[in-house]
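Build out the structure end to end from the sequences listed, making use of the hints.
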Amino acid sequence: MSALIFTTVLGIILLYLGLTKNKTILSPVAITGLLITLILSLKDWGLDSKYFHDMIIFDNFSIAFNVSMIIITIIIFLFGIDYYQRMELHVAEQYALMIFALTGAFLMTSFSNLIMLFLGIEILSIPLYILAGGKKASFRSNEASFKYFMLGSFATAFFLFGIALVYGASATFYLPEIKIYLAQFHGNLPPMVMIGLLFIVIGVAFKVAVAPFHFWSPDVYEGAPTLVTAFMATVVKTAGFAAFYRLLCMGLLPLPVPLEKALWVMTGLSLLIGNLAALRQTNFKRLFAYSAIAHSGFIMLAMLSQHDTSASVLLYYTFVYSLATVPLFIIFILVKRASNGLETLYIFQGLYKKKPWIAVFTTILLVSLAGIPPTAGFMAKYQVFVLSISQGYLAISIFAILMAVVGVYYYFFVVREIYTESDHLHPIVVSKLNAGIIILCGIAVVVLGIFVWKLPI
Amino acid sequence: MKEISSAIQIIPLDSYIMLSVALFSIGLMGVLFRRNIIAVLMCLELMFNSANLLLTAFSSYHSDPAGQVFVFFIMIVAAAEVAVGLSIVVMMKRNVESVDINLLNRLKW
Amino acid sequence: MLLLILLIPFITGFTLLGVRNAAAVKVVALSSAILTLFLTVSLVFFLPATRFSVSWINFLGTDFSLGYDGISSIMLLLTNLLFPFIILAGFKHEQKQVPVLYALILFTQSALIGVFLAQNAFLFYVFWELALIPVYFILLLWGGANRRAITFKFFIYTLTGSLILLFGIIFLYQLTPSPHSTDFLAFSQLIIPANTQIWLFWILFIAFAIKMPVFPFHTWQPPTYTMASTQGVMILAGVMTKMGIYGALRFLFPIVPLGVLFWQNTVIVLSLIGVIYASIIAFRQTNLKKLIAFSSMAHISLMVAAMFVLNYYALQGLLFQVISHGVTIVALFYMVYSIEKQTGTLELPMMGGLKLHAPKMSVLFLMVVLGSIALPLTAGFVGEFLMITGLFHQSVWFALVGGITMVLGAIYMLYAYQRVMLGNKEVNYESKTDLKPLDYFFLLPLVLIILALGVYPQPIFNLVEQTVKSMQNLLTPATEVMSAWVH
Amino acid sequence: MVLLSFVFTAVLFFSLRSSGSVSATVTLFNWISIGGMNIPFAFLIDHLSLTMMLIITGVGALIHIYSIGYMHDDERVNSFFAQMNLFTFSMLLLVMGANYLVLFIGWEGVGLCSYLLIGFWFKNPAFNYAARKAFVMNRIGDLGFILGIILIFFTFKTVTFSEVFTQASTLSSGTTAITLITLFLLIGALGKSAQIPLFTWLPDAMAGPTPVSALIHAATMVTAGIYMIARSSILYNLAPITLNIIIIIGSATAIMAAITGLKQNDIKKVLAYSTVSQLGYMFIALGLGAYSTAVFHLTTHAFFKALLFLGAGSVIHAMSGEQDIRKMGGLRKKMPLTYFTFLAATLAISGIPPFSGFFSKDLILNQAFEHSILIYILALAGALLTCFYMFRLLYLVFFGDQRLDGAHPHESPGVMTIPLMILAVLSVFGGFLNIPSLFGGNSNFSTFLQTAVFSKTTEGLSMTTEIVLTLVPLSLISLVILFAYRTFVKKAVIPASDEASMSWIGKIIFNKFYFDEIYIFAFEKPFGFLSGFLFHKVENTVLDPAVDGIGKATSRLGSLIRKLQQGNMSFYLFAMVAGILLFIVFILIV
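Protein chains in written order, with numbering that gives the first Met the number 0: chain A, 0 to 456; chain B, 0 to 108; chain C, 0 to 486; chain D, 0 to 589.
Rather than coming from a laboratory, the hints here were simulated on the basis of the structure.
No incorrect hints appear here.
Computed cross-link-like contacts, DSSO-like style, restricted to lysine-lysine with a CA-CA straight-line distance of at most 30 Å: (1) Lys-562(D) <-> Lys-335(A); (2) Lys-335(A) <-> Lys-107(B); (3) Lys-95(C) <-> Lys-431(A); (4) Lys-468(C) <-> Lys-156(D); (5) Lys-562(D) <-> Lys-260(A); (6) Lys-335(A) <-> Lys-152(C).
As structure tokens, this is what we get:
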């Protein structure tokens, strides 16, 4: 709880620091603050502390996810030091909004009441609507923000209506109680409850960009400032899935059959659409948007193969995925700068020639995303498949595996560009700090893959 | 409080549900078919409020205040959301000189 | 000891990245490979059997356990025998980015050793993929024309197979009694219903079928071989094809014996089609490298056919042929490389009369060619004789078709030899020199091995005797079950 | 070296004789020993292999000596002798092997050497083609052979001669396994010994240097098939079907080759067809079960055919490489030594007593007569044809006037003529090794071989029949010689130089029954076409695109899905509502 409060305060402090017009102190403050939050979160480990009439429960699940999101945010801020130096205005707001969003994310991982879930989602989303439009003069940023906002609100409307329906039937917002209420039907839910649950699920599915509710994500990812995209692709996704899992686990399990089937359909569609559409992308950010949809599919697979270890796999997968994605976006920014702002995949050409070490670690990160040993990405996918196959979902597993091949294809498309020689690039400038973090993330991905296959939860 | 509650319960619950669904659908249709962003925002608001209405009615019938508390949360969040939304619209108007929802469609495929 | 063999190339590879001097890199890489070879030989022939095991991913039932049996020994021997030569092949000419290249080669070696030592399906898979990555880069960065598209196809194709294999491994894993395990031992103790085995067979086989390659999964191979650099193609043809054979032996026979028996004839027929198909196509190839690529496919196909007749002699012959084919094909590709350096082309119609300038080269080339077409007293003959014996045991027609390689091989290999070396064509060659001492250093040991194994193959047989016997025993009950199941 | 080994062999020969033992086996080491398969690297010395060894080393040594003179101008003389020695080694391995697989080593080894030596002058593409043809045809035979060996292994669980034969003698005649084995081995023999249908390589093999033709393609290698069948005589005795096939093939080859020989104008080609025809004779003998007779003919043939080739070589040498007999003539006076030795050989091959060919041919004819009159007639016809074309050759080359202007033929140096003379002596007196009882002999040779070769026993013919059978051919042969003399010496007919002037039969014969053309049409062309078809049509238009197609289809589907992302807000909203509605319907139905 103290962590939650501290982050809120941190956001406000950062806003005030913005008044001093001294940009250089912002990141140190933000990062220090986050480190303190990290420690505060960890202090609650194993306590299962409950707040607000049990509407919020900080159990190990939520702490683990919170810590993973804090770490990712710290990495993003570390990169931000360099990134925001070039920005003139509103840097403090950028930091503050991200911190606020993080607060929302904390709520999403620790709710046990639908009200808190709603609040969490909204606290996460509203700063993001603003962040996505961060480049005020840019049409694309504008469009991203607008689309995100419109579709997000639209989804929220359904989400709310769903909550209302479920509330009408069960007279409660508490997930454990809803679970008890649902159990009495033995799977034959009345249509109203069913539709209510479906709307709730769709509301959350929208946030994590699961097909067919993914339409916003490619456009928003592409249009938003890259660092924000990195944040959306990682922290928001992690929070979304944590919330999703918590929702299912605390409230809905065992899943009513029609709902479960609907979710399987979503999984399949995400795998299909995400991977296949990514295949033909030439814009790096869009590629990552679609691949994020695909990864959503894999995570859904783990989530739906209900097993004790699902949560752990979920955490591992999202963390590892984030750990590889963030540095890649940064590398993309750096390369983009060197090629007059182009965003195609071809700008990676010649990277190996110019910066061999960065290229090698980029490769490692991409390999991890593609899910090839010995990287953590592989271990994550492996565990997902172990789960789904152990639970007997053979057909969807083999489909997912084939889709993983497609995934390898487009990630290695980028790899191939990296090692293709070309000389129309300006020099790529990589600050020591950035290089250090990129390399560190690369090493972390490998180390996680070889020595750590499970994060404590 | 009791009187309000009983006053609410004069009308059967089904009618509330019907009304909310109708409101929701109207909002939905509005969102789908209007192209003026302001109108669309208003329709969104309508959808939110249909949920609010539903929650209130249920809360009253269940004699459970939680539903009404939620309504307040929703109203606050909706306000914040609309504030952000309107600012986005302003930004957009400034950039493209229009409030047509389909005008911004450069990001695709 | 096992760990040492696994790690020497790996660590050396890393060290090489820091070395600037190209010559030093090559020498260090070579000495590392020779050291590994030395250790392997002493391990395989002289030291008592060992295992190495540390606990690794406990909750997924996976230990980091290394060990070896007869089949692994053969594969290890081959790998570590070939890598010094593969490294040596680069001594002759200037190369770009030498440290990276040799580091990648050594990484490949390490991963291959891992594949052959792994006692655990998961570990096997990890090394299997790990071997692919450096090879992909070797092909991509040092390949020839059109390498981007070709390597990509190769990579994706083989990866598709391996991911399907991964599915199989996980499927087997969850079949094992709790606590689940991915040990080969645990897998082989499974009793899988026949119906399951029938489809599981292909799940497990497809990765190997692509890697070997078996007709009709071979289409990646000729272009990749043609495009690859000399060292790349040596790794591919010399060692990586054997990965497929090793994997099939490791996975299919102990784990899905019924599946093997069910699909036995299908696979044999496919392989034999491959034999004939590749041989016939090789006949009309104008590109020397492509011709040899198809010839390699024909040989490998014969080996696959021999593998599936499940016959003692065929298995012995197959394992023997693994070594002999590896050595021969590496020598062949080295010859191709030397010829290309001399003539500046790989197109057969542009060549001719090389013997006029380079008689010694021509003699060595002929010897390697003869090894490739299995002339008696070369290693190839022993292997092919035993394999055809095995095929004969299954059916005379199989043996006949398999034996046609002997004839067809003679046709196209001698055609190639004649086209390159003989004749009186006055071609404006880039250089008119014969072999240099370095070439002898490379070719003579290989030719000697080919001859020595042809004359005295017994050590290799002894090495695998036990394993092959146990494999036989393994399949005997399955045969009974199968016949009962069919009726 | 070869001379030395000849001396060793001779010593071995006499020591074996004096020790009185029948055979000796020397095992070097275990070559392949796995499971039930045990194949030692062992040598077997018995009377059959000794005979062969003597021929190989003896004739081989002479030819080596001859080659010193013949090849002295060639720049690659070292490699020539290296290859010749390799050949001798392989051939010895072939005949000394104590089991089928060691035999096979030699078998393939001689094939290789033959390939190398035919293509010795590698600058000429035609020669290289001939070499490759020889090797490939041999390989086809070898494939049959190796399958035979494998079948032997599966039948008897061993491939060692002694064990196989011991077991085989207990089997009954005509079992499928034995028939199959013998047929497979026969295929090997057909390839190696140039019988129909695998004979076309031998005439082409004349591309090699003449000593090579003499050693490999006349005296030794081509007789390997005969040796192998004689060696397996026990097996063949059990397979009457195979024996009949051998007779048919043998007689067909003998006649066909002899007819072809009539119209050839290249001195070496004539001899080559003659070789094929003589090998056909030996096959007839084999088919009749008269293995020792076949080996006897093999021996005499080795003498006189080597002599013929060496003589031809001497002529070619003298004519500076000219091989067309129409351009020769009148060499009798210029090269008397060559002429006389050549004459001796011609008489021998024609079967004029007391030259060696007479005895061996006579034996075969007798045995053929015993078997069937048809075969006898065929064989006799073959003999007459042989006689005719040999004398045609002799007359055209050595009689008449010199037809080539500007050439200055001269007698060859001593290093070449001395082997000629030694061989001439052998050709003349070689027949006395095996004088039949008719002439008061005791068939030494056949008796000598009895321990190793198991000929079918025959009842024997009556004295009068035998005398008739000796006289009839003799008289016919004399007539043929006279006819040839009239045609080529008196009328001095020179064979037409172009095809156009020939009758259609003449054309067929001149073109060697179009065997090469048929093979090219039936095998090489379709094979090439198939190769192109498979590569261009199957590999490049079906299989490869099929694989790529999966990728392309995926990719196309990808771009389709990608196009869904319209970019319009309205569309997204619609899509979302549509999605939700679908899911509502979905969960209500499911």
